Amino acid sequence: MPLVYFLALSMILFVLGAMGVILRRNALMIFMSLELMFNAANIAFVTFATQYKLLNGQVFVFFVMAVAAAEVGIGLALMVQIFRSKQSIDVDQMNSLKG
Amino acid sequence: MDTIGIIFYAGLTLAIIGTALGMLFNRNAVYSAIFLVLNLTMVAVLYLTLGAPFIAMAQVTVYAGAIMVLFLFVIMLLGAEKLVVKEPLQGQRLIAILLGVAILAQAAALIITQLDNVSPLDIPGPEFASPSAIGTVMFKNYSLPFLVIAFILLTSAVGAVVLTRPGRSALRKQAEEKKELEHPGGGN
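Heads up: the protein sequence lines correspond to chains A and B, in order. Here my numbering is used: the first residue of the first sequence is 0, the next is one more, and so on. Here my numbering is used: the first residue of the second sequence is 468, the next is one more, and so on.
Keep in mind the hints are simulated off the structure, nothing from the lab. You can trust all of the hints, since none of them are fake.
Derived Cβ-Cβ restraints for the label pairs, each shown as a range:
id	chain 1	residue 1	chain 2	residue 2	range
1	A	Gln86	B	Gln581	50 to 60 Å
2	A	Val90	B	Leu566	13 to 23 Å
3	B	Ile579	A	Arg24	34 to 44 Å
4	B	Ser599	A	Arg83	45 to 55 Å
5	B	Ala575	A	Lys85	37 to 47 Å
6	A	Val66	B	Glu644	35 to 45 Å
7	A	Val66	B	His650	43 to 53 Å
8	A	Ser84	B	Pro598	37 to 47 Å
9	B	Val628	A	Gln92	17 to 27 Å
10	B	Pro633	A	Leu2	45 to 55 Å
11	B	Ser599	A	Asp91	47 to 57 Å
12	B	Leu577	A	Val20	19 to 29 Å
13	B	Met524	A	Gln92	32 to 42 Å
Footprint (simulated), chain B over chain A, 3 or more residues, beta carbon under 8 Å:
id	stretch
14	2-10
15	21-27
16	33-45
17	57-68
18	74-85
It should be emphasised that the depicted structure is a prediction, and the values quoted were computed from it without experimental measurement. All residues carry an ideal CB built from backbone N, CA and C; glycine is no exception.
Can you build the whole structure from these sequences, using the hints too?
Quick look at the structure:
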């Protein structure tokens, strides 16, 4: 399979994830769409690692996964706290600093 | 490439995009999370065919395993699958679709113009991305980023514990209530 097909798949997944981030209001769905975008970036990394026979891309996928895990841990903890105080995870409701 | 390979890759790609769409357009957050697990597992199969078996295993254990279990746990803890959220944002829908189509059109143009000089990606053997090879690269060239990642994960774990613990005011209120129960009526 040529390289561009994998990059096209990565691009389509990235656009789908970005649309989820823009269109959904449920904060959990926004987080899941972010995971989709991370995944699209990982596909591009692994594709180029295979193309150029360099392992650096695959090592970076590990780093991306670790950062994604840290982000999900903090983000879900924040979500639980916001739900406790507001009884909602609608991102439109998160405007307490607006006064 | 032979027909079986084309059928395999086409089916895999369709499954990946289909599960992503299923995740996006499902109203129930639990079904969305299950679709995302399916999607991540399919991507792991793609990594396997790209000659990255160790990444594929990490994808299944870390992403489809740990992270998505955390997601499902929080969804069910909050009862978010029953929350009625007004979806989607009407004003942004048109802009989002237009921008998405624009970026996909760019990608399609790139593919069409580059298609005359594509060469098949030759998949390297299993010794290329073996765990020992990846470990060598990671600890020789990327030892500092590895340490930074360790600190980020530690900070994340500590931060999650600090964030979800009851606040100091709630603890003080609990202590006062307890004192009130033990000595009813008496302020001091």
